[in-house]
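There are 2 protein chains.
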Amino acid sequence: MNYCSHCGAPVALQVPSGDDRPRHVCESCGMIHYRNPIIVVGCIPQWEQRILLCRRNIEPQRGLWTLPAGYLETGETTMEGAARETHEETGACVTDLSAYLHFDIVHIHQIYMMFRARLSRPEWNPTEESSEVVLIDESRIPWNDIAFPVIKETLKFFFDDRRKGSFPFRLRRIHRRMNPAE
Amino acid sequence: MNYCSHCGAPVALQVPSGDDRPRHVCESCGMIHYRNPIIVVGCIPQWEQRILLCRRNIEPQRGLWTLPAGYLETGETTMEGAARETHEETGACVTDLSAYLHFDIVHIHQIYMMFRARLSRPEWNPTEESSEVVLIDESRIPWNDIAFPVIKETLKFFFDDRRKGSFPFRLRRIHRRMNPAE
Numbered sequence: 001m002n003y004c005s006h007c008g009a010p011v012a013l014q015v016p017s018g019d020d021r022p023r024h025v026c027e028s029c030g031m032i033h034y035r036n037p038i039i040v041v042g043c044i045p046q047w048e049q050r051i052l053l054c055r056r057n058i059e060p061q062r063g064l065w066t067l068p069a070g071y072l073e074t075g076e077t078t079m080e081g082a083a084r085e086t087h088e089e090t091g092a093c094v095t096d097l098s099a100y101l102h103f104d105i106v107h108i109h110q111i112y113m114m115f116r117a118r119l120s121r122p123e124w125n126p127t128e129e130s131s132e133v134v135l136i137d138e139s140r141i142p143w144n145d146i147a148f149p150v151i152k153e154t155l156k157f158f159f160d161d162r163r164k165g166s167f168p169f170r171l172r173r174i175h176r177r178m179n180p181a182e
Numbered sequence: 183m184n185y186c187s188h189c190g191a192p193v194a195l196q197v198p199s200g201d202d203r204p205r206h207v208c209e210s211c212g213m214i215h216y217r218n219p220i221i222v223v224g225c226i227p228q229w230e231q232r233i234l235l236c237r238r239n240i241e242p243q244r245g246l247w248t249l250p251a252g253y254l255e256t257g258e259t260t261m262e263g264a265a266r267e268t269h270e271e272t273g274a275c276v277t278d279l280s281a282y283l284h285f286d287i288v289h290i291h292q293i294y295m296m297f298r299a300r301l302s303r304p305e306w307n308p309t310e311e312s313s314e315v316v317l318i319d320e321s322r323i324p325w326n327d328i329a330f331p332v333i334k335e336t337l338k339f340f341f342d343d344r345r346k347g348s349f350p351f352r353l354r355r356i357h358r359r360m361n362p363a364e
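For the record, the sequence lines run as chains A and B.
For the first sequence, our numbering begins at 1 and goes up steadily by one.
For the second sequence, our numbering begins at 183 and goes up steadily by one.
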């Protein structure tokens with residue numbers, strides 16, 4: 001952030017009166033611009049014993065596998081956003097969404113909220129964002145080609161919980177990878 | 183938003199190529215500025231059978247009662263933010279935080295995440311944001327003077343669940359009040 005989105009004057013990093021950390025403050029109109037974490041919403045879409053995975057057709061991590069997920073928009077609930085992103089990335093309609101995992105990813109200022117969901121019918125297709133969309137069994141998950149640590153964690157929790165027969169809501173933190181090859 | 187925070191040129195509302203809704207797009211550098219929901223984090227701080235309530239010392243709803251809550255910052259987890267806000271607004275230190283309620287408040291672009299928590303010790307004080315901080319029993323909650331619908335809902339769920347002896351995680355939507363006197 002270099003300029004004030006309200007009046008167009010330059011901003012400077014300074015600690016506002018009564019605050020305890022630097023913010024972008026407009027040198028002309030005085031507006032304080034806060035930076036907030038961004039929410040990503042997504043689904044684990046199930047059909048019988050299998051789940052939908054998408055092969056990313058866009059950067060970052062193009063070519064690797066992921067669950068459908070994307071930025072929550074204003075004007076929609078978390079659950080609506082998760083269903084919308086699933087439809088946009090896989091062509092599939094989901095129902096029976098249930099809040100399942102919340103991940104704080106502090107170092108990239110993101111929060112992931114992942115829902116369990118069922119496909120309304122066994123229909124999906126490649127999309128602009130997904131070069132392939134496949135319904136896949138646990139035994140065939142490409143664990144070494146999952147696009148993001150948060151998606152790998154989501155899949156691990158899901159299959160572990162499925163074996164145990166219960167899906168408790170969980171709040172977890174994803175740490176920065178020390179070794180990018182991990 | 184009137185100006186591009188990156189280059190300072192005016193922005194215009196237009197639907198970017200491949201998108202499906204209007205965004206603020208810079209007429210000079212082309213940067214697309216997305217607007218995202220903001221996360222508020224807070225606590226229901228308990229000590230024995232009572233909870234802490236704060237009387238708001240700032241607008242909006244100055245003079246009415248609330249639970250400690252505020253905007254999640256970048257650089258902290260959801261849980262850290264809830265504990266920080268509780269300390270800032272009540273002077274109290276909380277421990278054993280447990281994710282409890284998630285509210286989508288679509289019409290104001292906010293998400294509230296409320297945690298159950300215990301006071302580490304029976305210490306609290308008025309603060310810049312709270313003219314009074316009180317440890318209060320369910321029977322003395324000022325139901326007609328609660329600052330926000332989301333806080334009233336949080337309190338209702340909490341006391342109902344306490345009677346039932348279990349606190350399941352819940353995801354709910356808060357609708358715009360049709361009648362402001364509600």
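One should not assume that every hint holds.
[Stated by the list, open to error] Interface residues of chain B toward chain A, partial, derived using beta-carbon atoms under 10 Å:
1) CYS186
2) HIS206
3) ASN218
4) GLU270
5) GLY273
Worth flagging that the hints you see were computed from the coordinates, not collected in a lab.
Keep in mind it's a predicted model, so treat the numbers as computed, not measured.
Every residue gets a Cβ at the ideal spot worked out from N, C-alpha and C, and that includes glycine.
**Asked** Out of the numbered hints, which ones does the structure contradict?
**Response** Hint 5 contradicted; others consistent.
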